[in-house]
Amino acid sequence: MLASGDSADELNKALEGPRWVLRITALSLLGFLLWAYAFEIDQVARAPGVIMPSSKVQIIQSKDGGVLLSLPVQAGDEVAKGQVIARFDQTDALADYQDAKARVASLQANMARLRAEMDGVEPVFSSETAQYPKFLKSQLSLFKKRKASQTEELASLNKILKLVREEIDMNEPLLDYGDVSRTEILRLRRQEAELSAEITNKRNTYFKDTQAEFNETEEELESVKQALVQKKRQLGQKTLNAPLRGIVKNIRVTTEGGVIRPGEDVMEIVPIEEDFVIEAKLSPADVGFVHINQDATVKVDAFDYTIYGNLEGRVVYISADTLEERASNGDTPYYRINVRTKGRRFTGVPDRDLQILPGMTTLVEVKTGKNTILNYLLKPISKTIFESLGER
3 MLASGDSADE LNKALEGPRW VLRITALSLL GFLLWAYAFE IDQVARAPGV
53 IMPSSKVQII QSKDGGVLLS LPVQAGDEVA KGQVIARFDQ TDALADYQDA
103 KARVASLQAN MARLRAEMDG VEPVFSSETA QYPKFLKSQL SLFKKRKASQ
153 TEELASLNKI LKLVREEIDM NEPLLDYGDV SRTEILRLRR QEAELSAEIT
203 NKRNTYFKDT QAEFNETEEE LESVKQALVQ KKRQLGQKTL NAPLRGIVKN
253 IRVTTEGGVI RPGEDVMEIV PIEEDFVIEA KLSPADVGFV HINQDATVKV
303 DAFDYTIYGN LEGRVVYISA DTLEERASNG DTPYYRINVR TKGRRFTGVP
353 DRDLQILPGM TTLVEVKTGK NTILNYLLKP ISKTIFESLG ER
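If you count the sequence shown from 1, position 282 lands on 284 in my numbering, and the numbers rise without skipping.
Hints are computed from structural coordinates only; laboratory data are not their basis.
Think of the CB as a built atom: it goes at the ideal place given N, C-alpha and C, for glycine as much as any other residue.
With beta-carbon atoms standing in for the labels, derived distance ranges:
| # | residue 1 | residue 2 | range |
| --- | --- | --- | --- |
| 1 | V261 | V59 | 17 to 27 Å |
| 2 | D323 | M362 | 19 to 29 Å |
| 3 | N243 | A97 | 14 to 24 Å |
| 4 | E200 | Y179 | 29 to 39 Å |
| 5 | N252 | V351 | 22 to 32 Å |
| 6 | D101 | G361 | 40 to 50 Å |
| 7 | A82 | F209 | 51 to 61 Å |
Computed cross-link-like contacts, SDA-like style, restricted to lysine to any residue with a CA-CA straight-line distance of at most 25 Å:
| # | residue 1 | residue 2 |
| --- | --- | --- |
| 8 | K164 | A199 |
| 9 | K240 | E270 |
| 10 | K147 | I201 |
Could you put together the complete structure from these sequences and hints?
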C-alpha cells in the first residue's frame, strides 16, 4: 500500500509540469480569443493607382520671341511660383515702351494747355507729364504765345470799337442841327455792329478751334494709351516667370544668344502640388463598399511605407461604369476612382517635404469599415461550411 501511494505521488509530481503548460496554454488561447473578439482592424479596398497632377503640365512660351539673354534654370530644377526662369533682350521693347510713354506725356501736356485756354486759367500738368520738363516748357511757351496773340488781336479790335463809339457819341448830337447826315450815323452804327460781331466771332472761333483740337488730342491719347499698355506687356514678357511651383523639363533653347520665335515653346514645368490626385483602378467586387468622401490612405511605391508612412486622402470621384484594361491574358474590368490627398506630407515623416512627382505608382487603400480579428480568422471556415451546406 505504501509503495502504491508513493507511485501516485510520483505520478502527480511528474504530471505537474504538463498540467501547468496546459493551464498556461488554455489561458493564452482564451486571452487570444478574447483579444481577437474585441480588437478591431480596418477593412480596406485596395486599388493600384498613379499620381496625376492636380493641374496640367505648364508649357512656357514666349509670345513675342526674341534673343535669349539668360537662362537661370536647368532641366530638373525645382522652381517657386513667380521665380524668374528666362530673360530675353529687352533693348528694342524698352525703347518702344519709353517712346510710347513719352508720347502719352506729350499729349497729356497738350491737353492740359488746351483745357487752360478754354477755361481762361493757367495750365495744370499731371505728375506723369512733370517727368518730362521739355514738354512742360514747350506747352507753357505755346500757351503764352497763343494767349498773347489772342489778347493783342482782341485788344486791337476793341480799340477800334471804342473809337467808333466815341465818334458816334460826338456826331449824334449834331444830327439835330443838321451838321451830320443821318446816313453817316447809320454808317457808324453799322461799323460798330460789325466790329462787335467780329470780336464775338473771333472769341467763338478761338474756343471752337481749341475745343476741336482738344477732342482730337483726347482721341489720339486714348489710342496711344492702348499702345502703351501693349508695349508694357511686351516689355514684361521679356522676363519669364514660373506660373506655379514645379520641376523644369524640356528646355528648348539653352544657349544664351539663341533666338526664340514668337509663340515658340521655351520649356515645360511639371507642377509640384500642395495636394495630389491619385487615379486608381478599383475592382468591381469592392465598388459597392466605396463612396464619395470616404477616407483613404495612399502608399507611394517609391517611398517605403514602413519608414515614411503614407498620405491621407479621400475619394472624390467614382466612374459611373466599368472600364476595360487590356492585357495579354484578356481584358480586366475596373472602376476608375480618384483620391485627393490632404497635403503632401507623409504621416511617418511629417516634418519632411519629399519630392513627389506625377507618374509615381501607388497603392490606394479605401477604408470601407471595421472587423474583428476573430471574424477574419473564422471567415474561411464559416464560408466553407455555408458553401458545403448548399451543395446537392
